[in-house]
Amino acid sequence: MPEVFTYSFMQRTFLVGNIIAVIAPLIGVFLILKRLSLIGNTISHIALAGVAMGLLLGIYPVFLAILFSVLAALGIEKIRSRFNDYAELSLSIILAAGLGIAAILIGMLKNSTGIMSYLFGSLTIVSTQDLYVVIPMAIVILLVIFVFYYGFFFLSFNEKEARLAGIPVRFLNLSFMIIIAVTVSLSMRIVGGLLIASLISIPVASALQLARSFKETIFLSVMAGVLSVNTGLISSYYLDLAPGGTIIIVNILFFLLALFLKFLKKRGRV
Amino acid sequence: MTKMVRVRNLSFSYDGHPVLKNVNLDIEKEDFVAFVGPNGSGKSTLMKLMIGELVPDSGELRILGTEISEFREWSRIAYMSQQVRSFNYSFPATVKEIIAANLYQEMGFFKVLNKKLEEKVESILELVGLEDYKNKQIGSLSGGQQQRVFIARTLVNDPELIFLDEPMVGIDAAFQDDFIDLINRLNKDLGKCIVMVSHDIHVISKQANKIACFSNQNVFLHDSADFEIDEIYGEIGCQKRIIPEHQHINGGDTDA
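Residue numbers (this note's numbering), protein chains in the order written: chain B, 1 to 270; chain F, 271 to 526.
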């Protein structure tokens, strides 16, 4: 067995990393096609405020990150459905509020080294407690997406017409926002709060270059996510690089490769 | 017998500007009703009221016997909007996926396609002549083909009442005839009730059995056999695409 897999902390990191690698791009497909990619970024900044609060109060930070981000997600959904014209502006304001609160709380921490791992991710901080939170929540998320697959698909394609097809629009939108909030909070352990939005969006951007159907977009996005997380984790272990950053850079390389393949495909047709 | 649509004293305004005032209208099961009238006369608005997208200010509106505010059986009705083709053309979905999504209510616990539903999608694609395009991306099709996909989508649930808002805009002339044939078949052979907004009075008045004229914030229903289209053309000269203001003997009282 390669050395990287012999340590129990790395085994935990790989397990959580691969779970995140599946769910982040999976929800990313729906999020991006709904043209709401800014939501991932906004929620991650709110989650940071939750983490900082957790560290300050000595409560498990992921719990508070989930609590803060779910509340913010529900607020965002309300704003999105009511003030559709300025939804982007509201998101920017909520993002700024989250970051502002996070900055104040971080300033109040006596020892601010812990927060760094939540900002940029870390290989060593995944605890057994994290596994107990991440695994069941990821199962629930996958189940919800699979159970309501065509409902989420319709909402991404045309939310206005979905109601007439008998799709529970409000329920699915609210569930989806909660799923995003939980995914973002869980992902902070590995890629960090500042980079999670990239793991939600870049694999999908790569998949969109090559996919010929919605199903294929999901498959390729998840593949890109899993490959980039594993490549990123292994190289960050051996080269002593920040895992979050490495994962994102690998993703960017995949995206460039996808662009190149698309270019070749187009030329092949001419 | 339950009427497909029953409208009584219905009024609606956009931001205080009245669009429809005290409208009365009945649509029966076997009807093919054409909504005609100038731009802004409330044709699409009445249609949106009938599918619950807009809420009337006052009056009664019953769809398949149920008051619209309480109506939940959406799969029994179908609607194709004017904006149906203004979607993201790079959306990575195939024709099959787009049509399948409309079968949501027929899917089991897991909202995915099973073999039976897949066959349903295939047979509806055959009906609109797109069986070879099942796995093509929706954005790569021509305007007319996309329109056919969306018609197939509205039909896949086997609805009883079909609302079509300007379905022939942007589709090629060759398919317009096929399309009218298809609508006629749905109405006459399969017994579907059709309500259609159209600017092409000449074509539509020949096919529909009833014409609803929208004018002066009101709606007047005619049997198409009594609808004097040539007379109207005479009055409006070259402006053949609109209905001018005209007198109605029974003043919009659809019970008369």
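Check the hints yourself; a few may be wrong.
[Stated by the list, open to error] Within a straight-line C-alpha distance of at most 30 Å, the following computed DSS-like cross-link-like pairs (lysine-lysine) qualify:
hint	chain 1	residue 1	chain 2	residue 2
1	B	Lys265	F	Lys404
2	B	Lys78	F	Lys318
3	F	Lys406	F	Lys299
4	F	Lys404	F	Lys291
5	B	Lys78	F	Lys390
[As the list claims (entries may be wrong)] A few chain F residues that don't get close to chain B, going by computed Cβ distances all over 12 Å:
hint	residue
6	Lys299
7	Gly322
8	Ser360
9	Thr364
10	Gln375
11	Gly414
12	Asp451
13	Gly461
Source of the hints: derived by calculation from the structure; they are not laboratory data. These numbers come from a predicted model, not from an experiment. Note that CB positions come from ideal geometry on N, CA and C, so glycine has one too.
Q) Taking the closest pair, is the beta carbon of Gly414(F) still more than 12 Å from chain B? A) holds (20 Å)
So is Thr364(F) really clear of chain B, every C-beta pair being over 12 Å apart?
Violated: least Cβ distance 4 Å, not greater than 12 Å.
message = Quick check for students: does the CB of Asp451(F) sit more than 12 Å from each CB in chain B?
response = Given a closest Cβ separation of 25 Å, the condition holds.
Query raised in the report: With d taken as the least Cβ-Cβ distance between Ser360(F) and chain B, does d exceed 12 Å?
Result: Check fails; 7 Å does not lie beyond 12 Å.
Does Lys390(F) sit within 30 Å of Lys78(B), going by the straight-line distance between their CA atoms? With Cα atoms ~37 Å apart, Lys78(B) and Lys390(F) exceed 30 Å; violated.
Check the hint pairing Lys404(F) with Lys291(F) against an upper bound of 30 Å on the C-alpha distance.
violated (45 Å)
Lys265(B) and Lys404(F): Cα distance at most 30 Å?
Measuring from Cα to Cα gives roughly 21 Å; hence the hint holds.
**Status of Gln375(F), Cβ more than 12 Å from any chain B Cβ** = Per Cβ check, Gln375(F) is inside 12 Å of chain B; nearest 4 Å; violated.
Practice problem: Take the C-alpha atoms of Lys406(F) and Lys299(F), compute the straight-line distance between them, and say whether it is at most 30 Å. | Solution: violated (36 Å)
### Task
Could you grab the alpha-carbon distance between Lys78(B) and Lys318(F) and see if it respects the 30 Å cut-off?
holds (24 Å)
Looking at Gly322(F) again, its CB stays over 12 Å from all of chain B? violated (8 Å)
- Message: Minimum C-beta separation from Gly461(F) to chain B exceeding 12 Å: can you confirm that?
- Response: With a cut-off of 12 Å, Gly461(F) remains clear of chain B, as the shortest Cβ separation is near 21 Å.
Of the numbered hints given earlier, the model fails hints 3, 4, 5, 7, 8, 9 and 10; all others are met.
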